[in-house]
Structures are given as C-alpha cells and as structure tokens.
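S.K.: Take a look at the letters that make up each chain.
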Amino acid sequence: MLSAVWLVPALPLAGFALLLLAGRRLGDPLAGWLATLMVAAAFVAGIVTFAGLLGRDEEERAFTFRLFEWLRVGGLDVDVSFLADPLSITMVLFVTGVGTLIHLYSIGYMHGDPRYDRFFLYLNLFAFSMLVLVLGDNLLLTFLGWEGVGVCSYLLISFWFERDTAATAGKKAFITNRVGDWGFMVAMFLTFFALGTLTYSGDEGILQRAPDLPESTALGIALLLFVGAAGKSAQLPLYVWLPDAMEGPTPVSALIHAATMVTAGVYLMVRVHPILEQADTALHVIAVVGAATAFFAATCAVAQRDIKRVLAYSTISQLGYMFLAVGVGAYVAAIFHMVTHAFFKALLFLGAGSVIHGVHEEQDMRRMGALRAFMPVTAATFIVGWLAIAGIPPFAGFWSKDEILAAAWEDNVLLWAVGLVTALLTAFYMSRQVFLVFFGEPRWREADARSPEEALATPEHEPSAATPARGDEEAHVGGEPHESPWLMLAPLVVLAALSIVGGGLNLPGVMTLEHFLEPVFGDQFHELDLAGGVQVALAVAAGVGAVLGILAAREVYVRHRLQAERVEPELLRRAWYIDDGLAAVVDGPVEEVAEGAAAFDRRGIDGFVDGVGTVVRAGGSRLRVVQTGYVRNYALGMAAGAVLLLGFFLARATL
Amino acid sequence: MTVDDTWYLILGAVLFTIGGAGLLVRRNPLVMFMCVELMLNAVNLTFVTFARTLDDVGGQVVVFFVLVVAAAEVVVGLGIIVSILRRRPGATADDVSLLRG
Chain A
1 MLSAVWLVPA LPLAGFALLL LAGRRLGDPL AGWLATLMVA AAFVAGIVTF AGLLGRDEEE
61 RAFTFRLFEW LRVGGLDVDV SFLADPLSIT MVLFVTGVGT LIHLYSIGYM HGDPRYDRFF
121 LYLNLFAFSM LVLVLGDNLL LTFLGWEGVG VCSYLLISFW FERDTAATAG KKAFITNRVG
181 DWGFMVAMFL TFFALGTLTY SGDEGILQRA PDLPESTALG IALLLFVGAA GKSAQLPLYV
241 WLPDAMEGPT PVSALIHAAT MVTAGVYLMV RVHPILEQAD TALHVIAVVG AATAFFAATC
301 AVAQRDIKRV LAYSTISQLG YMFLAVGVGA YVAAIFHMVT HAFFKALLFL GAGSVIHGVH
361 EEQDMRRMGA LRAFMPVTAA TFIVGWLAIA GIPPFAGFWS KDEILAAAWE DNVLLWAVGL
421 VTALLTAFYM SRQVFLVFFG EPRWREADAR SPEEALATPE HEPSAATPAR GDEEAHVGGE
481 PHESPWLMLA PLVVLAALSI VGGGLNLPGV MTLEHFLEPV FGDQFHELDL AGGVQVALAV
541 AAGVGAVLGI LAAREVYVRH RLQAERVEPE LLRRAWYIDD GLAAVVDGPV EEVAEGAAAF
601 DRRGIDGFVD GVGTVVRAGG SRLRVVQTGY VRNYALGMAA GAVLLLGFFL ARATL
Chain B
1 MTVDDTWYLI LGAVLFTIGG AGLLVRRNPL VMFMCVELML NAVNLTFVTF ARTLDDVGGQ
61 VVVFFVLVVA AAEVVVGLGI IVSILRRRPG ATADDVSLLR G
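Residue numbers (my numbering), protein chains in the order written: chain A, 1 to 655; chain B, 1 to 101.
Hints in this document: simulated from the structure, not taken from any laboratory.
It cannot be assumed that every hint is accurate.
To be verified - With the C-beta cut set under 10 Å, the calculated list includes, among others, these residues of chain B facing chain A:
hint, residue
1, 32
2, 46
3, 99
What the hints assert, rightly or not - Output of the computed footprint for chain A on chain B, the stretches with three or more beta carbons under 8 Å from beta carbons of chain A:
hint, segment
4, 18-25
5, 88-97
Unchecked claim - Facing chain A, according to a computed beta carbon distance under 10 Å, are these residues of chain B, among others:
hint, residue
6, 29
7, 52
8, 101
Virtual Cβ for every residue (Gly too), placed ideally from N, Cα, C.
Take the sequences, apply the hints, and build the full model.
M.R.: Spelled out as structure tokens, the structure:
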C-alpha cells in the first residue's frame, strides 16, 4: 500500500502531459474535468498511503520509496525518492484535498475563458510540483518542486497577460521568489559541505545527523533556509509579491496564494527542524519575523478596498502566525494552523471569487453591499470562513490559533501580546469585509463610488475592464448580482463544513494530529507545559479578542459611529508605503548605481577587451610586411638566424 | 695512407657554404632545390666523419634518417616544382609569391 506514494505526484504529472498533448481538443469543460480527476486520484493515492502508514507501528511510520538514481557526481548522491511520513502525508492530504475542490471550482469559474485548457494544464503542473516539494526525500528534490511552484505561480498570476498589471505582478512574484531561492541554494551547498549529503531520511540523512553540526554552521543553514522560506511564504521583507499576485484568476489566489504554495516555507522549516533546534538564534529570528509579519500584514488588511487584497494581506498575516509557531518550537501547532488555514482561506478566496463573478468582475468592496440576499449560499459559507479566521469557537481557526498563542505565551509574553493584538485586528478586518460585502445598503448601482482623482490614485483597484472577454460575462454586464453555478458552490459548502469541524483534528485533550505527527519530531517534540487554568485563560483571552474585533467593526461599518475613513488611513492602505518606498529606491539610487555600473561596463570592461583586440590587430598589420612571399627572403632569414646562433655558441665557448 | 679527418670536415663546410650561397643567390627553383640537397649531404659527410673519429655509430644512424627524410622531401618538392613549371614555364622562385602577407 505504501508504494502507492509514487502515484501521488505521478497522476497530476500525467494530467499535465495529457493536457499538453490533447488539451485543446478536449476543450471546455472536458479539460477541466480531466485535471480535476487527476488531482482527485492523487488524493485517493494519498489516502491509500496514509492507510498504509497507519497500519504500521508508530515508530516505523517513515517509508522511503526510491524511484531511480538521479545524480551521482563525486560525493554527491541524489536519488529521486519519496519520503512518506506523518508530516509529508498530512501535507499531501490537504494539498490534494483542497486542490481537488479548487480544481472543481475552476471548472465553473474559468468557463468561457479562451485559454481554458492552458489554465488546467498549469494547475496540474502546479499540483505535481507541490507534491514533489512535499514528498521529496532530499533537499534537491524539494528544491525542484520549490522552483516548479515558483514557475507555475508566475504563469498563473500572469495568466491574463493582456493586462499590464497581471504581467507585472507575475514578474514581481518570480523575481521576489528568486531572492528567496538564493538563500535556499546557498543553504543547500552549505548542508552538503557540512554533512556530505542532501537526503533527509535514514541514519546518514541530514535529519539524524543534524546534532553533529557545529552551532555556527547550523545557524547559517537555518537562516539561509529561512530566507528561502520567507520568499516563498511571503514573510517580511519578501512579502511584497503576494498582494500583487491577486491579479491572477481567483482560483489561483485560493490554490497557490492561500492554501498550498505559500505553506511550502512553513513545511520546509518544520521538515528541517532538527537543524533549527541546533541554532537557538535562528528560532528567535523566525519567531520575531513571524510575529512582526503577522502584525504588519494585519494592519495593512484593515484599510484595503479590493476584496482580494484584504484576503492577501490576511494570508500573509496568518503565515506569520505559522512562522511564529515554528519559532517557538510549536511545530505541530504550525502544521495544525496550516491545515485549518488552508480550509478557511481557500473558502474565503473561493467565496470572494464567487462574489466577483456575481457582481460582474467588480472587486472594489465599496461597490458591493447587501449581497447576502442575492447570493445566499456564498454569503453563508463566507460567514463560516469569517468566523473561522476570526477565531470564534468552535470554528477551526480558533483551535489552531489558540494553540499557537499558548505556545507563544510559554516562550515570551511579548510574542503572545503581538499575536493577540493581531488576532483582534484579524477579527476586525474580516468583519469589515463581511459587513461591506454582504450587509449594509446596496452600492453596486452607484455609477462610480469614487471621485475621479481617487480612481486615478488607486489604479490597482480598477475593475478588470481589460479581462479577456469571458463568454457568459458580456451578456449580463451591469445586471443584478446573481448567485454562482452549483459547480462553484459545491466546493464552498465542503470547505465550509471543513472550516467548522477542522478544529477537531487537534482538539485540546484529544490531540489526534499531535499524536500522529509525534514520531516525526521524536526527542525534539515540545509538549506544552502550561497549567490547565492558564490554557483556559489564554483561550478565553483569544476568544474575547476576536469578539472585541468583531464588535469594533460593527460599530464602524454597521452603525457608522465612526467615519470609515478615520480607521483606514492612507498609510495602511498603501501598506506603510513599503511598495512606494521600494519603487522610489529602485527608481532613484538603485537605477543610478545601475547606470554607473553599465557605463563602467561599456567604458572600463569593454574598453579593456576592445583595447587588447586593437593592439593585436595593429601589431599584426605592422608585422605582415615581413611575409613577403619570396623564398629567398625566408632563406636569408634562416641563414641569418643560423649565423646568429653559431655566433652565440662560439662567443659562449670562447668566453 | 689515411686522410686526415680535418679535410673531410673542410670539404663538408665548403659544400655546405656552396649550397647555402646557391640557395640565396639563384632564382631557378630546380637549382635551389639542388643546393638544398648539397647542404644536406654536406652535413651527412660531417656526421660520418665524426662517427668515425669518435668511434660512435650514432652519427651514421643519423645519416640514414637524413637520407630517408631527404628522399621523401625530394618526392614532394619535385612534384610541386614540376607542376608549377608545367603551368608557368620558366618561372623563377620570385614569381611564386602568392602567400605574402
């Protein structure tokens, strides 16, 4: 049963190959069904593997499946082999499970798109890369998947490349990720240099031998891997690509930028936790960066007007929570939150897609309102997602967030305080979104809610006028909002159900997930060491924080006690001007330095190289007159040479 | 009676000088070719002389090598000269200067 593990990545790859060959012929919607089927089959293969693991003793729940030898160069020995252990199989199950639902949703969402089959081709390639990343038994294979999801992310963000903003956003994501990849690569070199292998599992693997690492080396590897993780998982300061990634089709935002790809960084950190454990400093850095990111992104989310950008900043913030959990050693809590977050964030994104679809490609929340009457199913499921992310018990988000906060409390009260404030902010901005979109008075009929200069100032919020004509859209542009087809609603309902019960995976006292994952962590497993009373108090604090956030949002956005503009300062809407600051730096000093370097390249480097050529050519044309073509000249030269040599030897002999 | 070795060496030097001077002053390719052969054989004579004087067979061995190489050279060289003369009768070495820089 365990050997089914190779099928998990192989099936989406087969789907990719089939779509590549016959995608256009299959067309809309067969191509979508094929892709969905392949990911669903991968999910089944994942379940089979999972069952196989459960059939083993707890200690032996790690299975390596070696497919073939990939590289053997000098001491470097890399196989294509998959590691099925509780950690990777948890990832596989939720990646393929949520992935299947999102594929299903896309069949409806992408209906009528001129590049329909291409979209599913990319989606399957993405699923394949993500599964290779998760299942790979060595750093290089993980890196292969890592780059694969990066490429797919680029392709999917700029899927509607007719729009300038989409093309730019794709490039931005790719370049920012490359910065992180640099860290990953150097960390890989360093690991090989220190341990002579890249394999995770086995007695010779890096996980077993991590304790042999000197602390400085472990610190270097851990921090460099964290640079990579920060790029992929959008942590400070490499988060800038994720908000812009919302230019992609909404299922992409849900699949890549909420549920799966961005969790790769967290997964990597948890996977190499024995190395992190060797370097306390690295753990502190990770915890602080995670907490800072969580808080920072939450403040930005408060003032966004685009329905998807709110969710994007929210994702960054939640990822910050996961890194905070990793940093305080609560690996299980990180994975737990990753799973529940995948449920409710996918739900929220797909719900947002359904809303955007229903109001004819409008993304500005100020032009929505009172939609719950028109889209009851979307509204109901979105509200479930809202309660889950806000951390209202008994929804999934409450349990996982509470676990992280408890672990943070144990480590450092300051981290806990930042986490709690962030939880309050989370509840606030999500409530704001729900109130703006589904409650209040309808505003979609207003010709333009914005004054002209405002519209100019925020071009990114323009309705996607340049979106390629999507068959069914044209017919009812400007009409009443409408509910989405059942094909899009079904995944919403399933995800809503998961968001409600997802907390059951790891309820306090039962700890199913924790017991399952325990063998992965072995000695390094951190049992939460808090008195029962403290735990309850912390949970109550988190719950109260969430309720306070919701109430505050209600005061502002439902009762209008306070003008909305007062709590949405320009500073936060533009994300603390970090993007503008980056643009100013890159356009100003960086460009000047680049110009200087280019000038030096032209004059200095090129001048030297050209100079060598010029000297040789000039010398050559002077010397060519020596070659007269007359044999007698050459003979004379030889005779003269012989005489000279003779003279030299005679002179030396007589001296 | 035996001839003193010095005479052989002098003869070799004279022949070599005649050959070298001929090579430098003549323009007829065939004559120049013969001059080269003259020089080669002058050197051969010197080698043999020294081989006998020093009682070392190495000198004679070298002569054999020179003869073999000279034979090969004559084949190639004569072939080239004959084909040039066939194309341009009466050509001198100076007329064949296509390879100038």
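S.K.: Hint by hint, note whether the structure agrees.
M.R.: Here's how the hints hold up against the structure:
The beta carbon of residue 32(B) is positioned within 10 Å of a beta carbon in chain A (closest approach about 7 Å), and the interface hint is therefore held. Look at residue 46(B): its Cβ only gets to about 14 Å from chain A, farther than 10 Å, so that hint breaks. Below 10 Å, beta-carbon pairs count as interface contacts, and residue 99(B) has one with chain A at about 5 Å; its hint therefore holds. Chain A is given as covering the segment 18-25 of chain B, and this holds because 3 residues of the stretch bring a CB closer than 8 Å to a CB of that chain, at least three being needed.
Remark: the segment 88-97 of chain B is confirmed as covered by chain A, as 4 of its residues place a Cβ nearer than 8 Å to a Cβ of that chain, reaching the required three. Restraint check, residue 29(B) versus chain A: the minimum CB separation of about 8 Å is within 10 Å; hint holds. Taking 10 Å as the C-beta contact cut-off toward chain A, the hint placing residue 52(B) at the interface is violated, the least distance being around 24 Å. For residue 101(B), the suggested interface contact is upheld, since its CB lies about 3 Å from the closest CB of chain A, less than 10 Å.
In this structure, the earlier hints numbered 2, 7 are contradicted, and the remaining ones agree with it.
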